[in-house]
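Take the two lone chains, each set in its own frame, and fit them into one complex as the hints suggest.
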Amino acid sequence: MGSLEQQENVFVNLLCSLRPSTLFNELLCAAQEEVKKSNHRISELKTTVYSGLAAAGWDRKLRNVIYHFLQAQSKLSKQSAFSTTGTDLIKEPISYIMKAQLAWEKKILKSLNSMCTELTIPLARARTEKDRKDMATRWTELGVDGPDLSQIRPVYAPKDFLDVVINLNNPNCVSSGNAGTFDLPWGLIHVSLKVKTLNELRIQYSDMAITHCQTGTDDLSDIPPELFENDRTKLGKKVLAANHAPITREFSKKGCPISMRAELWCQILGVELTKVDYLYYEQLKGYVLQHDLLVDSLLYKDVKLTATNDDQYFVFEDFLYQVLLPFSRDTVVLKHFAYNSATPPKSYIRGKLGMEDYAVTYPPNGVIPFHGFAMYVAPLCYLYNDIVQLYHVFRHMYMHYFFRLHSVSSHPQGIVALSLLFETLLQAEEPELFYHLKQVNCQPLKIAFKWLMRAFSGFLSSDQVLLLWDRILAFDSLEILPVLAVAIFSFRKTNLLKVQSMNTAEAVLADLFTLQVVPLLQLSLFSK
Amino acid sequence: MARIKFASDFDKSVLLNNFENRCWIQVGPEDDWNFYWAGVHNIRNVFSVESGFRLQDDQVINHFPNHVELTRKDLMVKNIKRYRKDLEKEGSPTAEKDELGRFVHLDFIPQTFMLPADYNLFVEEFRKNPNTTWIMKPCGKARGIGIFLVNKLSQLKKWSRDGKGNSFTPPTAKETYVISKYIDNPLLIGGKKFDLRLYVLVTSFRPLKCYMYRLGFCRFCTVKYNASLNELDNMFVHLTNVSIQKQGEDYNAIHGGKWTTQNLRLFLESTRGKEVSDKLFDEINWQTVHSLKAVAGVVSNDRHCFECYGYDIIIDDNLKPWLIEVNASPSLSATTSSDRIMKYRLISDVINIVIPPGELPDVRWSKIPDKENYGHFDLLYDEELANLDLNNPDLRAKTGTMSSAMRGNPRDIRKGSQATWK
Chain A
1 MGSLEQQENV
11 FVNLLCSLRP
21 STLFNELLCA
31 AQEEVKKSNH
41 RISELKTTVY
51 SGLAAAGWDR
61 KLRNVIYHFL
71 QAQSKLSKQS
81 AFSTTGTDLI
91 KEPISYIMKA
101 QLAWEKKILK
111 SLNSMCTELT
121 IPLARARTEK
131 DRKDMATRWT
141 ELGVDGPDLS
151 QIRPVYAPKD
161 FLDVVINLNN
171 PNCVSSGNAG
181 TFDLPWGLIH
191 VSLKVKTLNE
201 LRIQYSDMAI
211 THCQTGTDDL
221 SDIPPELFEN
231 DRTKLGKKVL
241 AANHAPITRE
251 FSKKGCPISM
261 RAELWCQILG
271 VELTKVDYLY
281 YEQLKGYVLQ
291 HDLLVDSLLY
301 KDVKLTATND
311 DQYFVFEDFL
321 YQVLLPFSRD
331 TVVLKHFAYN
341 SATPPKSYIR
351 GKLGMEDYAV
361 TYPPNGVIPF
371 HGFAMYVAPL
381 CYLYNDIVQL
391 YHVFRHMYMH
401 YFFRLHSVSS
411 HPQGIVALSL
421 LFETLLQAEE
431 PELFYHLKQV
441 NCQPLKIAFK
451 WLMRAFSGFL
461 SSDQVLLLWD
471 RILAFDSLEI
481 LPVLAVAIFS
491 FRKTNLLKVQ
501 SMNTAEAVLA
511 DLFTLQVVPL
521 LQLSLFSK
Chain B
1 MARIKFASDF
11 DKSVLLNNFE
21 NRCWIQVGPE
31 DDWNFYWAGV
41 HNIRNVFSVE
51 SGFRLQDDQV
61 INHFPNHVEL
71 TRKDLMVKNI
81 KRYRKDLEKE
91 GSPTAEKDEL
101 GRFVHLDFIP
111 QTFMLPADYN
121 LFVEEFRKNP
131 NTTWIMKPCG
141 KARGIGIFLV
151 NKLSQLKKWS
161 RDGKGNSFTP
171 PTAKETYVIS
181 KYIDNPLLIG
191 GKKFDLRLYV
201 LVTSFRPLKC
211 YMYRLGFCRF
221 CTVKYNASLN
231 ELDNMFVHLT
241 NVSIQKQGED
251 YNAIHGGKWT
261 TQNLRLFLES
271 TRGKEVSDKL
281 FDEINWQTVH
291 SLKAVAGVVS
301 NDRHCFECYG
311 YDIIIDDNLK
321 PWLIEVNASP
331 SLSATTSSDR
341 IMKYRLISDV
351 INIVIPPGEL
361 PDVRWSKIPD
371 KENYGHFDLL
381 YDEELANLDL
391 NNPDLRAKTG
401 TMSSAMRGNP
411 RDIRKGSQAT
421 WK
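Top to bottom, those sequences are chains A and B.
Residue 228 in UniProt numbering is what sits at position 228 of the first sequence, and the numbering runs on without skipping anything.
Residue 133 in UniProt numbering is what sits at position 133 of the second sequence, and the numbering runs on without skipping anything.
Same shape as in the complex, but just chain B (with noise of 0.2 Å):
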């Protein structure tokens, strides 16, 4: 068999290990590659008209060409809200509000309104609950870059002063913000506050196929939560972004702060006891499903991509999860050995998903892979298995609705029909 011929934009050594133990050859991203780490940046001219390039039935790439319907602020905020008003329209039961008018089963994302164009909105929001603090992000940046705290409106108008050079031009992605009731009873772990990273896989939107990798992270604030209004400058107390704790002065360079998802479940199980943590983490499946939904018909569901996203989940202290953003290109640069072993092994995980093991990459395939080549990945739904086992009545009687398509799997089973997965 031919050897795989790889490319990447990174020169990571967690991805290029990988490549290297499985004695992939190295090419350019301009050669005939049969397997592409890309770049977000790079992904744009693979895809474009101009570049004339066609990809391969053995060649798959690591992004959908407009992730951005997922991994931009705003894009993914606009996305759940049309996709719960089409259920909404339905009539399906995933979609019922409560006698707030909130959606009981879909309600996962924080209040959120673009700016400058949901300005008018957003006052009015603001003026209801004077009380609250917001967070305001930029659309088209990651790693807690540009992102301040709101309380009052004048810090807005200043805001608003300050960016418009020019009004006349409509505003950009970069220049667009999204603004967000900020979650201001995170769950204190040992008085400190932490969010979630957790990685998914996608490798197909339509049908949706996707996986939850089994070793996510917290990732802590190294200085104690504080909700008091004199702390609102102090971002270290708010962002949990390594990229930012990194600056403090108590970074610890041995756990970087973070805490494995394992430790947080025995935590919350002994402290709050087995159902709302089981309760929890469903919710969180839940949410991750319906997230990609929600762009499954947007996102052009190209055969030769795959995806690894990371999903960035704040815990309230009710235990709720909030959606907080998706990333397209979680970092892969290793802050401590456990997060180098971690991460490698997420990447190795990833490729026995997308190739299945000895072979070439055939976007022809399948893309049902044995459930030994999972690894540390979890199947969180495959429309196209779910469809088989509804048209099983026997099946469907068990699962309901929406059915979970977790093979073989006892307890996953179990635990999807217990709970939210009605």
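Bound-form chain A, shown alone (with noise of 0.2 Å):
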């Protein structure tokens, strides 16, 4: 019966959530203009309503909300299957995992505040009428004249965000002493969480198998487009006209073509700009102009030092500023810390140090970015020449997928989760490349954390990145990252094998351009 309330539970929480939204009203204003129709019959008016507003569309909608809503909360449910109550449980289950999180999260902030006593900038200063002015006429070319960047540091790299996730230790477990089992692996990841195993990852990705031609393999420029592209245009032009999630999900499980991505992306991800999100980036962009933060020059750094530098993204240099430092400001942001193990840091009014009534949210979104943030953006400036859009795809893919892959969290989609199913899966796959890395001292992880930290961003041509990207939506799982991570292993595999040190290893896997990750993924699910 447990299932039963559950679902009803479902049923009001959607209804409490639908109530207040503009659907909820234009479906009302829509039903309105529907009676006042003519010549329906009072007997008959509630299923002619009905079938008028399916005819215009607004069943279709309300599905699609109702989809998106149903996503939402599953990220809010799956995991208090473990309890019923406390949200601390629903950020994360495990309590050492949870100390290990806040013991980052206090680490990071005490490096932010030594950097501010450092430089003595505060973190957060108005900035002077003469400055907004000079800033809101730079907007669109943030990149020419940028602050003085020479004293900031990145807060962290992905190396030392990997330090905490291998000095991840379950106190309860006991080792036996045995190496290559589960509690002593030969990886790094001593925490035993469950992952799927190469069979299970087959069946998710059954779409993918050799046999299913694929956009970006089957429709390359030296194949007639009569075996696939052509059929493939006119199913992905219906599913564009159908505009349901599920079913575009469906289709872009084998990859979207790419002149249909950029919608196909907003369908899965339910983005539908109205004038509203615009004026709510305008809002953001004033937030920006008002208050200079330290969190501003970390985001300058890091897109001076990753995509600045990139001959794939130079050109969107300035995009990624204005998609970078509204999103700091943007408090929706912190809707996402009710399921990531994450807490948004806190900062005090000057002087109320510890007191909680002058407490604020530090940056205003909680988000503190690392080295490498900006490659979450970069690829999607192929796709969206429309700030305003390119900023919500964003923001959606962030508190959907991105933040889990710099959070401490047992969560089967959260970094850890993610290492560990890398390291089970080559160890499983290639386990004389995994045992002769082992011996040379060139723990894989080591390698491959930054290409899952970065979700493969900076790594892979701008065409392949896109492609995965597509798997991750599609699927709606971040599992294909270490997927390919295996593969790339298992496909260098020869090289790898005389490799004697750290250095070669990573020499033979530095230049990753090359690669056509679609036909990589499927020999390394598929071939064997």
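Each statement offered as a hint is correct.
Straight-line Cα separation of at most 27 Å, DSSO-like style, residue types lysine-lysine; simulated pairs:
id, chain 1, residue 1, chain 2, residue 2
1, B, Lys274, A, Lys253
2, B, Lys279, A, Lys234
3, B, Lys85, B, Lys279
4, A, Lys91, A, Lys159
5, B, Lys81, B, Lys181
6, B, Lys274, A, Lys238
7, A, Lys237, B, Lys279
8, B, Lys274, A, Lys237
9, A, Lys438, A, Lys498
10, B, Lys274, A, Lys234
Here are the simulated distance ranges between beta carbons:
id, chain 1, residue 1, chain 2, residue 2, range
11, B, Asn391, A, Asp386, 43 to 53 Å
12, A, Gln516, B, Asn17, 21 to 31 Å
13, A, Asn441, B, Ile254, 27 to 37 Å
Honestly, the hints are just simulated from the structure, not real lab data.
Ideal Cβ placement from N, Cα and C applies to all residues, glycine included.
In structure tokens form, the structure reads like this:
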């Protein structure tokens, strides 16, 4: 009976969240319009209004909203299966992992504060009128004369975060002392979490099987379009017209055709911009102009260190500032902390340290960027020429997926589980290779971690990153990242078996720009 | 087989590494070379009557004697104008004009006048549209030297006063300028202006045989594009030449402001759709072929010659490509490591098309290389093969009046017949 009760609960929640939405109002207005239409018989009023609304496409809109609502709900409820009470348990049910995350947050905050002290700059300060005007006029070319960044260092890099993940240890687990088994594995992750086996992944990713044609491989220019591309394009147009998120997801499992990707992703994520969204962005921009935050310098520095020097993304430098700076001011992002093991950092108004009434979230969105953060945005710049759309797609991507790649959590999509999945898969599929690398002191995760943490952005060529992210969105899972990492190790196996040091191993895996991700994924998932 | 002897006027590593990797032997330009990568200045000596030089059957060289017909700004414009007029006289459908009198298919260079020769024509045009900006370029110079923008007639008058020391001598190439309508609505990416550098290989003008290189690139301005007039003096905004941009503060040595055409295509297809991006690249191919046809009659088609041109193209925000100029010796210095790799491949692919692998150069050869030897080149047009196709009525029906002669590659043929290739 519990499940029925749960269903009822979900239903009540859904109605509660729908009632104040704009869609609800719009629906009401549309229904009234429909009623006003003449020649309705009173006895059939209900059915004619329903069919009228459906004919005008309202049922599809409603269905999409319900779909996205249920998606969001599942994020909140998956982990609460452990227990029925307590937000902390939704955030992270395992206490030693939660502790590690808290300690990590403390460390980040400390280094942020010490940077402030060293450089004698405040975390935030109001801009002068002149600064404000100057920044407003330069808004679309912020890259030209940025602030002085010579003193600014990224707060942390993937390497620092890897140390945290490696040092996680279950205090309840007593090692049996047998190397290679679950409690003393070859790899670096010593947390026992359940991760999928290759067979389970095969079932999950069955749409990518070699027997299915894939966009990005089977529609290349040297293949006659009659074989696949023509039908795929035709189907894609139908899917776009239907505009129903579950269908779009299903279609995208075989990859998005380049010219349809931007719209398909919006449908999957439920990004449909209204005037309000544009106003909202303008408001965020206003906040950026009002205050100068230390985080701005960190974001600036990150763009300068990554995208500006990247021959695929440098042209989008200015777009990145226009997305990242408003993002740091966006309090909607705080919502995701309900299901993120991380907690937004608090800062206190000067002189009121520790007094909760004077606490503010810092930065306003609660996210402190790390070295490489800008690369979550960079590939999206290929898809959206409109800043506001780019902004919203990025925010959705972040709140759905990317936050998991830099918080310590036991969630099956979290970076710890992904790292573990990488290690167990590699150990199972390429034991010889894993053993060799371990013997010469090149733990594979030490190389692969940065790929996972950045979702491969900046490591693959731009078109390939987008094909990879197609699968993240379509299968609604980050597990494709460790699968690809394993595939890359397998693919370069011959050379990796010859390496004797970390440097040479890194050299073998330094250039991934020639790789085609889809055939690689197929090879590693389905060829054995 | 005897090893190939090469001579080179450049000690650029992308050239020399290629020759060395093929185990060729270096000789001087005066010796019996088989393959000479010459500078444009030396090409006149090689072909001049006084030099008494006669090229042998096993000698090839990287320039046509009078390539200037294509690569000097004024001559290119003159030849294209004449070509269009000739086609119009013939009543060719490619010379169709719209109701405003512009060529529908052949309007691919910005409106241009020769100065001082066409000064009066220019003034007439300027008065019609006084609010347009024009760009002045000296005919005989490259790499952005001597270029300036004009939006008032007075600026031009000042220039002509300063320039005319002696009005009795006719102007030489160095003193001749072309003035072209400035493309003031360029396509911007990330808010930045760019132009395209594409490489085109010609192995023969009669019959025309030409190839387009797939690894061209976009060159970006480091400074934000701003159409306002007070920026007219900031040449960084307007010129994308690397040699100019390199002097700018924001020049980045890692990517050098260069972005691959694959990235451009990914961006355009994602944000504007497949059809318009396909059309853009079709149009670029189309105008390249016609720019070459325009000079095919005047270039002396020496069998010993081939040439690799650098095409500079600007795309406007309606995704229309404009041919700006053609360079006879595109820079072979590498600015970044990927640039070095690309240019090394370019030279390697050029050699494989010009000389059948494993053989000595032979000018009696048909100049129809195997498709495997194209490397990163695509065959743009082979007049000889096109004529063969035309004699075959089935093919003629398929490809229309102008066959693109792209053999074996179904996608290219499809592309050719679909859009502008009518």
